[in-house]
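One line per chain: the protein sequences are A and B, in this order. All you need for the numbering used here is the position in the first sequence, starting with 1, plus 1002. All you need for the numbering used here is the position in the second sequence, starting with 1, plus 11.
Think of the hints as simulated: they come from the structure by calculation, not from any bench. Please note that a few of the clues may not be correct.
[As the list claims (entries may be wrong)] If the Cβ cut is set under 10 Å, some of the chain B residues that face chain A in the computed set are:
#1 Glu14
#2 Asn71
#3 Ala140
#4 Glu161
#5 Asn162
#6 Ser222
#7 Asp278
[To be verified] Some residues of chain B that are not near chain A, with every Cβ distance over 12 Å (derived):
#8 Asp58
#9 Val87
#10 Arg120
#11 Val141
#12 Phe159
#13 His273
#14 Gly297
#15 Gly358
#16 Glu370
#17 Arg387
#18 Leu433
#19 Asn437
[What the hints assert, rightly or not] Listed next, the in silico DSSO-like pairs over lysine-lysine satisfying Cα-Cα at most 30 Å (straight line):
#20 B:Lys102 <-> A:Lys1387
#21 B:Lys435 <-> B:Lys310
#22 A:Lys1369 <-> A:Lys1270
#23 A:Lys1446 <-> B:Lys43
#24 A:Lys1070 <-> B:Lys30
#25 A:Lys1073 <-> B:Lys43
#26 A:Lys1376 <-> A:Lys1279
For glycine and all other residues, C-beta sits at the position ideal for the given N, C-alpha and C.
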Amino acid sequence: MVIEGIDYKELGLKVGLEIHQQLATKKKLFCPCEKFQSDTFELSFERRLRPTQSELGQVDPAAMFEFKKGKMIRYGANRDSSCLVEADEEPPHDLNMEAVESALIVALALNSNIVDELHTMRKIVIDGSNTTGFQRTIIVALGGSLKTHHREVEVQTICLEEDAARLTGDSKDFREYYLDRLCVPLVEIALAPVEGSPQEVQEIALSLGRLLRATKRVARGLGTIRQDINVSTKGGAVVEVKGIQKLDMISKIVEFEALRQKGLMEIKEELEERFVKPEDIGQPIDVTDIFEDTECKIIRQAIKEGGIVLAVRLKGFSGLLVYEPYPEIRLGKEMAEMVRFYGLGGIYHSDELPRYGITIDEVESLKRRLEISKEDGFVLLAGPKDRAEDGIVAIVERSKDALQGVPYETRGPTPDGKTRYIRPRPGPARMYPETDIPPIAITKELLSRLEKEVPKPWEEQIEYYMSKYGLSKKLALQVYDSEYSDLFGAVVSKTKIQPSVVAATLTETLISLSRAGFDIDFLDESTLTDLFLSLDKGRISKEAIPQILELFLEGKIGSIEDAIKRLGIVTISEEELLQLIRRIVEESKDLIRERGERAFSIIMGKVMKITRGRADGAKVGTLLKNEIENVMKGEHDSSE
Amino acid sequence: MSELVGYRGPSSDILKKSKVMIGDLIEVATSKTKYNGVLMPRYEYADDLHVVIKLSNGYNIGIDVRNIQAIKRISVGEKPHFTAPPKPLIKPNLPNIAIISTGGTIASRVDYRTGAVHPALSASDLYSAVPELSRYAIIDAEVVSSIFSENMTAEYWKLIALKVAEKVRSGFRGIVVTHGTDTMGYTSAALSFALAEVPVPVVLVGSQRSSDRPSSDAALNLIGAVLVASKAPFSGVYVVMHSGMSDDVLSVHLGTKVRKNHTSRRDAFESINIPPVAYVKGGSIGEVMDGLPPRSDSKDFAARPDFDTRVALIKFHPDFDPEIIDYLTSRGYKGIVLEGTGLGHVGGYCNSQLRLAIEKGVLVAMTSQCIWGRVRMTVYDTGRDLLVMGVLPLEDMLPETALVKMMWALGNTRSVEDAKELMKKNIAGEIGYRSDLERRPAR
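When you get a sec, could you build the whole thing from the sequences and use the hints?
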């Protein structure tokens, strides 16, 4: 979605990036598990997390919010990827020093100020993503800067922390997680908020990603890097968007968020013009009796199950719940997303009723009950008593927030590059020391050893690719950014294949297969290595590569070897090829006579069609050229 | 907070010199940068070279005193004021339950400012930490001790037993005793004997994950214990803890048959040689074992809270030094519980020392280090020799329970012979005469 003419500067767009990168360590952060991912989860157990009271007698609002939802959490575990530590049935083991070293190398590469002693903290998170109810996290360094082509971005903090469990399901009563990813070491880098276009923000993330990959100490592949972004615009609160997995979604999401915030500010201005004040938002009223015989299926069901119907008057809101300053940005939608989080299906509001089985009579009695005039709006919802009450309170708060413009909240990305409400942003007081892990002093000796491991800037690596392997800059960057840069290095050093062929296969060919709808995640390194080894031995030609990969990804064959057999594309031997070319040339003598050297491309086409990927094009060309010359010479000789 | 908790040597010196206190907001200038944060206490086992502050983002960091140029106080720390949330509405018809705390924390709140964990000990603290309690009982809370469970002694058993007796006599419908888990099995055995005739349920409860963490098992265990104390149809002493890894089912273990069998799991407590006597699930008590003493309204019962601590629990092992027995005998020990091998054996080379001990009036009894199963000393010569010598076989009694029972038996009798008779008598379900087909019978 591109909305022409948004002036991001005028909008006051500011974006802070927070990158979470998995580290490629041998073991997890606080236990000896070596497997970071599993496919099967044979064990399961259920838990409930409870917010801990703080000394102020209050529980964290985000923690309370999660607890109130009253869900049980179901964990699936695999024996290889988790032990009692992940199940929160055993205290954490010693902090993984390999992970500490990786985080320190990243800190050194960013010129960050490394702290003298590491303290592991518990950051309260009770959505179930951590079995303990907190994430273990350590500040490793403060400050520093990331240099990109265009600018220098300030680094705020660098932390080493454990990854969370993998969310796999969320139903009314259960939230489900797999434990394999829990406790995998992550480095978290928080950058200071920057002004700029969404594209510029994305480029900063890309630069940081490249710097991380240059350390060779980070994990690769989908899900191994996640970005959180903090987006704000002039006059609005900071909105946190958590868990963006794909880098190329960042600019789209920033674009959407900027637009959403602009839209909310426009709604705010409209409310201001109508002189709506916070006290104009009414108190919720129980209106269950109005809907006792309703035709609306959802409300009827809710009442049947012992639930209630609540409504609230929003003075001066008429028309503003459906008002859409930009596509899909409207208050009604924001409210519906919000109550879904309390386990409610959604809301009904004045701008869309009568509809959904709610009759005009019901709407009229509701208006009388709420004392609604034609300038006013109302919101209505139904559900179990406690959920409905929480939901309507959230609506009241959201309506008040509408008078301020953009509320302070946590959102998540949608697959199409938009954002949706997740929860209110957590309060600040939610960290306390992890007393099970002693503090660790960072010695000068350790740092001076690690200094030597700080990678060269990634730009130098790109130049190295270009000069050593003769890659174009574009191809060099593509290889570097791909998951396969290590594989590329291994293949070009092990084989005689032209580096550009390896690079293009690992980037362009795979990208086009992915665009054609194939899931290229099925291609593991050993399959790709087999492919290149076959090419190196001359058993297949490079022209056959896309065809082989397609067959493999369709699941029709299990290995490269099978593909070769199946396609019958074992490369034609030079002898065979020469015979074939001679036969075709023989058959095309008339043509050669007629057109001379210009017959070449026609005959070439014929040969390639017959060999169908079994012969190297360049080789065919050379042989064919020779043969045509021979024929022409022969003709000449005989005629003289 | 006036003391510089955990600081010593150079780190303590620099803080004292700078006249700052824990909880103060301070600025620390180092050769490289400046940090602002709240001065935190230091772990006592950590080195004396770092000063710990909490940054405004909530993280703690340690700063090497050798890099510090100056420490300046920005503002004095404020003591947090704890305002408890409003007390939940309590229905008037609920039973009165006494919660006696002995140490360890079954409920707590965290001071995120300093990281300190404060136990919730009063009834209102408990209600606010675990509001669900208000559904089951009117709570009275009392602290009898605040010690780690490994510091528990017979002296405390007596204190707890007397407190329980006092509460029962004043009309409480059930008693909950919160206890650290390490020695909870010993205390439950001690109370089982001292309060053998108690007319209401006395429920010991603890937690394997500390109550300051959201994943703690404490709240569910406490709710379950209060439920059993208020609603169970039986009387006697029990332990209520998680049945498995999940926060759903709790097991009710007989106080003399329960053992901590894992260092860290939530389901560390297991009933040995019998199944749990009941389970708690979804707010109700089910699968209650037949034959438990029924609850009664009587307030009149005798407590026998005396223990003679001159009893040792000795684990036999290859190359066991029999002089240890001599040592105990010469030091005036009154009883020895042996944790023998297999069916109840110790090496024949211990026989003369054991014989001497028995001759000198030491009560010697046999349990098995196998934990599960029963001693049977008539099967092999070794066992027969010990029997002839006068070593008392204790059937399927847990070694720890046997130790506690012997302390109690010697504390409540005048002669070794009387104590021996008491040891043979099944007082609180500690002896099972029949062995179930399954070791851990399925529910």
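Hints, verified against the model:
1. At its closest, the beta carbon of Glu14 (chain B) sits 18 Å from a beta carbon of chain A; the interface hint therefore is violated under the 10 Å criterion.
2. Nearest Cβ of chain A to the Cβ of Asn71 (chain B): about 4 Å, under the 10 Å cut. The hint holds.
3. Using the Cβ-Cβ criterion of 10 Å, the hint placing Ala140 (chain B) at the interface with chain A is satisfied: the shortest such distance is roughly 6 Å.
4. With its C-beta approaching chain A no nearer than about 17 Å, Glu161 (chain B) sits outside the 10 Å limit, and its interface hint is violated.
5. For Asn162 (chain B), the suggested interface contact is broken, since its CB lies about 19 Å from the closest CB of chain A, more than 10 Å.
6. Hint status for Ser222 (chain B): holds, given a least beta-carbon distance of 8 Å to chain A, under 10 Å.
7. Interface hint status for Asp278 (chain B): upheld, as the beta-carbon distance to the closest one in chain A is roughly 9 Å, under 10 Å.
8. Not every CB of chain A lies more than 12 Å from the CB of Asp58 (chain B), the least distance being 7 Å, so the non-interface label is violated.
9. Annotated as non-interface, Val87 (chain B) keeps its C-beta farther than 12 Å from every C-beta of chain A; the closest such distance is 17 Å.
10. Once the 12 Å rule is applied to beta carbons, Arg120 (chain B) is inconsistent with being away from chain A; the minimum gap is 4 Å.
11. Taking the minimum C-beta to C-beta distance to chain A, about 8 Å, the non-interface status of Val141 (chain B) is violated against the 12 Å cut.
12. Non-interface status of Phe159 (chain B) relative to chain A is upheld: no Cβ of that chain comes within 12 Å, the nearest being about 15 Å off.
13. At roughly 8 Å, the least C-beta separation between His273 (chain B) and chain A is not larger than 12 Å, which violates its mark as non-interface.
14. Distance check for Gly297 (chain B) against chain A: the nearest CB is about 18 Å away, which clears 12 Å, and the non-interface claim stands.
15. Residue-level check passed: Gly358 (chain B) sits 36 Å from the nearest beta carbon of chain A, beyond 12 Å.
16. The claim that Glu370 (chain B) lies off the interface holds: its Cβ sits roughly 48 Å from the closest Cβ of chain A, which is beyond the 12 Å cut-off.
17. Every CB of chain A lies more than 12 Å from the CB of Arg387 (chain B), the least distance being 35 Å, so the non-interface label holds.
18. For Leu433 (chain B), the non-interface assignment is confirmed: its Cβ lies about 39 Å from the closest Cβ of chain A, beyond the 12 Å cut-off.
19. Here Asn437 (chain B) stays apart from chain A, with its beta-carbon at least about 35 Å from theirs, past the 12 Å limit.
20. Restraint check for Lys102 (chain B) and Lys1387 (chain A): the C-alpha separation of about 20 Å stays at or below 30 Å, so the hint holds.
21. Proposed proximity of Lys435 (chain B) and Lys310 (chain B) is supported: the alpha carbons are some 28 Å apart, at most 30 Å.
22. Taken as a hint, the Lys1369 (chain A) and Lys1270 (chain A) pair is honoured in the structure, with Cα atoms around 24 Å apart against an allowance of 30 Å.
23. A distance of roughly 14 Å separates the Cα atoms of Lys1446 (chain A) and Lys43 (chain B); the hinted pair therefore holds under the 30 Å criterion.
24. With a C-alpha separation of about 45 Å, the suggested pair Lys1070 (chain A) and Lys30 (chain B) falls outside the 30 Å cut-off, and the hint is violated.
25. Of the supplied pair hints, the one linking Lys1073 (chain A) and Lys43 (chain B) is violated, its CA atoms being roughly 48 Å apart against a limit of 30 Å.
26. For the suggested pair Lys1376 (chain A) and Lys1279 (chain A), the alpha carbons sit about 17 Å apart, so the restraint of at most 30 Å is met.
In summary, the numbered hints that this structure violates are 1, 4, 5, 8, 10, 11, 13, 24 and 25.
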